[in-house]
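Chains as they are written, first to last, in our numbering: chain A, 1 to 363; chain B, 1 to 363; chain C, 1 to 363; chain D, 1 to 363.
Source of the hints: derived by calculation from the structure; they are not laboratory data. Check the hints yourself; a few may be wrong.
In this list, chains with the same sequence are indistinguishable; a pair is considered to hold if it fits within one copy or across any two.
To be verified - Here are the simulated DSS-like cross-link-like pairs (lysine-lysine), alpha carbons at most 30 angstroms apart as the crow flies:
hint, residue 1, residue 2
1, K170, K257
2, K272, K41
3, K147, K316
There are 4 protein chains.
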Amino acid sequence: MKNTFGNNISVTLFGESHGEMIGAVLDGLCAGVKIDYDLIKKEMDKRRPSGKISTQRREADEVRIVSGVMNGYSTGTPITVLIENTNTKSKDYSLLKDTPRPSHADYTAEIKYHGFQDYRGGGHFSGRLTAPLVAVGAILTSALADKGIYIGTHIKTLHGICDRDFSSLKDDVALLSDKLFPVLNNECEKAMTEEILRAKEMGDSVGGILESAVIGLDAGVGEPWFDSLESTLSHALFSIPGIKGVEFGLGFGFADKYGSEANDPFVITNEKICTKTNNNGGINGGISNGMPIIFRVAVRPTPSIFREQQTVSLSKMENTTLKIDGRHDPAIIHRARAVVDAVTAIAIADAVATAFGTSYLGG
Amino acid sequence: MKNTFGNNISVTLFGESHGEMIGAVLDGLCAGVKIDYDLIKKEMDKRRPSGKISTQRREADEVRIVSGVMNGYSTGTPITVLIENTNTKSKDYSLLKDTPRPSHADYTAEIKYHGFQDYRGGGHFSGRLTAPLVAVGAILTSALADKGIYIGTHIKTLHGICDRDFSSLKDDVALLSDKLFPVLNNECEKAMTEEILRAKEMGDSVGGILESAVIGLDAGVGEPWFDSLESTLSHALFSIPGIKGVEFGLGFGFADKYGSEANDPFVITNEKICTKTNNNGGINGGISNGMPIIFRVAVRPTPSIFREQQTVSLSKMENTTLKIDGRHDPAIIHRARAVVDAVTAIAIADAVATAFGTSYLGG
Amino acid sequence: MKNTFGNNISVTLFGESHGEMIGAVLDGLCAGVKIDYDLIKKEMDKRRPSGKISTQRREADEVRIVSGVMNGYSTGTPITVLIENTNTKSKDYSLLKDTPRPSHADYTAEIKYHGFQDYRGGGHFSGRLTAPLVAVGAILTSALADKGIYIGTHIKTLHGICDRDFSSLKDDVALLSDKLFPVLNNECEKAMTEEILRAKEMGDSVGGILESAVIGLDAGVGEPWFDSLESTLSHALFSIPGIKGVEFGLGFGFADKYGSEANDPFVITNEKICTKTNNNGGINGGISNGMPIIFRVAVRPTPSIFREQQTVSLSKMENTTLKIDGRHDPAIIHRARAVVDAVTAIAIADAVATAFGTSYLGG
Amino acid sequence: MKNTFGNNISVTLFGESHGEMIGAVLDGLCAGVKIDYDLIKKEMDKRRPSGKISTQRREADEVRIVSGVMNGYSTGTPITVLIENTNTKSKDYSLLKDTPRPSHADYTAEIKYHGFQDYRGGGHFSGRLTAPLVAVGAILTSALADKGIYIGTHIKTLHGICDRDFSSLKDDVALLSDKLFPVLNNECEKAMTEEILRAKEMGDSVGGILESAVIGLDAGVGEPWFDSLESTLSHALFSIPGIKGVEFGLGFGFADKYGSEANDPFVITNEKICTKTNNNGGINGGISNGMPIIFRVAVRPTPSIFREQQTVSLSKMENTTLKIDGRHDPAIIHRARAVVDAVTAIAIADAVATAFGTSYLGG
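Using the sequences and the accompanying hints, generate a full structural model.
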């Protein structure tokens with residue numbers, strides 16, 4: 001339903017980049033879940049721009065919880081988070097209503113809302129709205145952690161530079177939890193940062209691939225057919241601006257494999273049923289099989305670049321060019337990681353609540 | 001909602017592989033849409049197994065429409081399609097309840113339904129349930145065609161063998177409409193068929209990549225955030241058994257591009273606003289921009305192979321091996337194409353109805 | 001969503017009065033619930049016309065379950081019930097398309113579906129579609145009974161003739177379970193039957209009030225605000241044709257009371273918290289309080305009467321008269337009771353599944 | 001979905017009586033609807049307590065719109081309204097957690113949220129949350145008025161005192177639009193006010209019946225079966241605290257009528273199809289027939305009375321008594337009227353958007 005996601009645990013998102021505030025309503029979380037304010041701040045920090053590799057728009061991003069929490073615990077009724085927009089420069093954007101930025105939502109919003117959209121800084125389509133998603137995601141992340149379910153995401157590749165593969169997932173997920181720049185191989189941070197700065201100097205931008213793991217999820221989560229775990233996770237992931245691909249397990253790598261190479265044999269390990277390999281990313285028939293959930297998402301290079309681009313004037317219906325200024329990210333992949341973690345927490349929490357009941361997460 | 005997909009136009013799916021019948025309920029299609037029975041049959045034929053490259057289970061797949069249609073037109077109330085299962089051999093499968101087939105839903109269904117699931121031939125998780133999806137998809141396909149919206153899918157790669165790229169989309173989509181084996185380059189059919197047969201001889205299976213185009217869709221379809229076109233299309237696509245990756249436009253190919261290479265400049269062509277390139281697959285900010293929607297899905301090699309595989313005995317909790325017999329597909333990608341077309345029609349029809357009103361498709 | 005009701009346990013309804021068959025899909029019921037075929041038949045019999053007080057259209061109403069059940073137990077996947085229409089006389093109705101029957105859906109369907117609706121015997125709007133509702137309701141009724149939750153409905157008044165009030169609810173609900181004509185005071189059956197026959201002789205029809213009790217429901221079921229028990233129950237109840245009023249507890253009787261008369265004091269009885277009175281019908285703040293749920297519904301007299309009525313010719317846009325023949329009920333209230341029980345079971349089962357998890361009903 | 005109502009136009013409600021703020025998110029309203037701030041204020045004033053007949057808690061109830069509106073018009077994306085709680089006296093309520101007030105949600109919330117609920121002043125269940133409902137309802141009210149659809153509600157009866165019946169609906173609805181105390185017969189205001197004050201003096205409270213009319217709604221709005229207009233309207237109405245009955249047209253009055261008295265004959269008046277009577281309240285088969293929608297709701301006397309009442313101590317599990325102080329309404333029916341208007345606007349707007357497309361309300 002448009003700006004609402006989820007069945008038993010749902011999130012409703014609102015706000016615009018240059019409006020007064022942005023926020024989200026989290027409904028369905030059971031009563032008695034401790035709110036970990038430090039974790040919210042930690043996750044918000046992962047998403048916040050910092051250093052030279054991100055936009056110079058710097059928001060305090062203070063998360064106010066104005067409903068659904070009392071004495072530090074969820075009350076069971078809707079939790080609303082609000083984040084004020086303080087550092088807005090709306091004059092930067094007035095030109096863009098007539099000359100839409102390529103590969104942004106400027107043009108499609110103009111068509112859909114026939115001129116009434118909030119066009120300032122991407123309006124409702126701005127990546128800025130991922131901030132409340134991260135906040136509510138963090139609330140669910142701690143609820144999931146209480147049941148032994150952990151989520152971690154690293155930059156698998158950034159414009160050709162590769163991080164190492166996941167190895168010991170438990171350690172890797174713990175490692176990523178504390179990293180602002182999410183790579184497993186420490187040396188990658190420098191190389192990737194330099195690559196982002198190189199792009200920045202050229203007035204350009206770069207993208208890459210994020211890889212995520214969900215560990216500790218019991219078998220039996222997910223529904224047949226339309227609410228398969230792949231369906232609901234991808235639904236949530238593709239709602240993040242700039243995500244253009246999602247694959248589970250081997251994903252597109254399955255295309256060159258034989259079935260005998262691709263199948264994951266069942267084996268008993270420590271008196272538990274596991275699979276020897278995990279090519280299917282922990283999901284069979286849309287339902288978790290007890291192995292880690294593994295997926296990757298493709299992150300487009302940021303469309304806001306400083307080089308001159310071709311576009312059209314909507315009022316004159318003629319070709320023209322556009323050279324934007326303002327404050328933009330030469331890469332968002334390192335920040336998008338917190339958003340991927342957040343929407344994964346939302347989708348997994350909802351799937352868990354559907355499979356085991358909403359009280360499961362507070363029990 | 002589990003076995004229901006869609007907001008304004010919805011599909012509810014039911015049945016099991018070896019039950020009495022399978023079917024689907026299509027709700028929300030407006031009154032007055034002509035039912036093209038020939039098209040239903042044509043699409044069903046594309047999905048039906050034929051020749052040596054598919055399972056030897058041959059069903060008549062006669063589609064009965066038992067509600068929602070009168071005198072050849074939709075009445076506006078739910079359309080129910082039923083397909084009988086006639087050619088079932090339930091004894092083939094009894095062993096599989098205790099020794100789950102690797103990478104099938106046997107194990108996860110056992111956990112989720114704790115032994116009460118219909119385990120015969122995959123039960124509710126069987127690819128057989130895609131038959132009613134194709135039937136209702138075909139009904140929507142002709143409704144969309146009346147508004148100039150067409151869908152086409154080809155096998156982009158099969159186990160390393162590549163079809164040619166899309167060129168003139170209008171011609172290519174028309175070409176694919178009549179093809180049982182969906183390739184653009186005729187020579188690929190032979191090579192791919194041989195590759196499937198080679199795998200079959202080895203008791204193995206192969207997968208590949210399907211590529212789809214939706215042409216004629218106006219700009220302005222899709223919703224911000226959680227009902228982005230990518231979100232709803234991927235949701236529907238990942239509900240198809242065996243789909244493990246979905247990408248739009250360049251998809252994972254974005255990872256190595258600069259923003260300046262990836263962005264699609266706007267240009268005016270024939271007094272219409274287009275983009276010079278279509279790297280974003282016709283979608284900006286989750287909303288159609290008037291260019292063709294382009295996406296690819298990764299199809300896993302069929303997990304039902306005839307080679308001996310490792311698995312476990314659930315009753316004895318010990319490792320064992322499994323060598324299945326019965327009737328299975330050495331590849332499903334050529335058949336999955338009709339299912340991809342169908343769920344695409346469902347997701348696009350729902351998005352169009354949401355954007356323009358349900359009466360749009362009958363107007 | 002139009003023809004689907006429910007969140008965690010949902011029912012999708014399809015079919016037309018004179019189509020090939022009617023049916024429903026029940027999704028979300030957990031695996032392992034025993035299907036009580038005798039109860040399904042018993043509930044269907046309560047709804048079936050019999051004797052002189054009901055329509056002479058007599059259908060076998062054989063319920064076929066074609067999915068979601070194996071070896072007599074629910075599998076956890078969608079349960080589909082089908083009922084064939086065998087005793088249709090479509091010629092009876094052809095006139096009604098142009099001259100809509102007063103207070104039927106003939107006119108509104110014509111407007112909504114602009115002539116494409118199935119107009120035969122009320123089509124999709126026919127009371128006949130309550131048959132599959134009763135069938136799926138019966139499946140849930142036995143699942144609820146396994147958790148000690150029972151539903152009973154009696155005719156509170158029929159055209160001025162009153163049954164006695166509920167007294168010992170446990171006994172009364174058990175008594176009603178076995179009654180085809182649902183009154184608590186046996187003498188009422190004769191009086192009410194005679195009243196119906198009197199109306200029939202006059203070519204007229206009568207209505208009344210049904211009163212229902214749900215006993216054994218734990219406190220804590222129902223959600224705040226929009227999914228209050230009153231909201232979801234009334235939503236389901238008002239979908240039954242001919243229901244024009246719903247009230248809980250004292251209902252409209254609250255209008256003349258002081259708060260001090262209306263409030264239900266809490267008291268401890270047998271170490272359990274109860275209320276001394278039950279004016280609120282077991283619901284406080286939209287949530288069950290552990291007392292019996294009590295509600296009443298107003299049943300309109302059947303609109304299909306045999307007396308000449310004023311109507312219009314849609315084609316000629318002029319006033320005219322209509323005198324219908326065919327087979328109609330002089331009263332439906334005694335049959336509607338089974339439908340009220342059924343949709344109550346559906347709404348309560350969904351609310352219970354939402355509050356306690358879907359596995360609760362199978363545990 | 002718990003705190004969200006609506007399909008194409010939806011409202012999500014959040015907040016607690018003594019929390020920082022309360023609010024609602026309105027999604028699905030199309031772009032370009034002028035926001036009538038005066039109307040919002042006017043409707044809020046109708047709901048605000050004033051004089052001696054209402055609670056002495058007096059809130060400014062300033063409505064802030066923090067998203068979805070730019071330059072005075074809807075942008076097409078979610079509209080969020082926030083209302084601060086300024087005049088809270090939380091200490092008034094601390095006792096009530098252990099000794100639940102009869103017929104309030106105190107006890108059911110305690111059970112459902114096992115002690116974590118915000119118990120201050122009714123928390124999330126407080127009538128205070130109807131304030132944001134009124135605000136978003138007012139936004140939709142002006143959108144509906146632009147299409148000629150108007151809503152009006154009067155106090156039909158208050159503790160035995162009756163207002164006159166609706167006569168000329170157009171005039172009556174216009175009259176009510178400007179009335180703070182909603183009666184058609186001016187003399188009733190004094191009598192009803194005195195009755196409320198009498199109850200107040202006794203430390204007691206009174207209820208009554210509200211009657212509403214929706215005029216100007218075209219035929220064809222509403223869906224068959226589960227989204228009948230009666231179903232969706234009653235769903236919304238029963239979510240208002242204190243509403244215990246809903247009836248359409250004659251409602252419970254149908255019980256004593258013959259079909260020949262109850263049916264509404266079709267007649268052509270001024271070249272339009274109307275019904276001679278409107279016993280069915282403008283709805284046939286769940287769909288609007290072009291006549292005014294007429295319904296009544298039963299409003300319970302406020303449960304917060306100042307007389308000593310029986311209740312239990314939850315901690316001691318023993319019977320006790322309770323005598324509340326604090327600030328309470330001796331009647332809410334005159335204030336509930338604005339809430340009934342608001343949720344009617346929400347339900348009708350959603351039904352209209354579903355029937356005619358979301359762009360209808362902005363066109």
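Evaluated hints:
When the C-alpha separation of K170 and K257 is checked against a cutoff of 30 angstroms, the pair qualifies only within one copy, where the shortest distance is 28 angstroms, while the shortest distance between copies is 32 angstroms. Taking identical chains as interchangeable, the C-alpha atoms of K272 and K41 are never at most 30 angstroms apart, the minima being 37 angstroms within one chain and 44 angstroms between chains. In this assembly of identical chains, the alpha carbons of K147 and K316 lie at most 30 angstroms apart only when taken from different copies (29 angstroms versus 58 angstroms within one copy).
Checked against the numbered hints above, the structure breaks only hint 2 and satisfies the rest.
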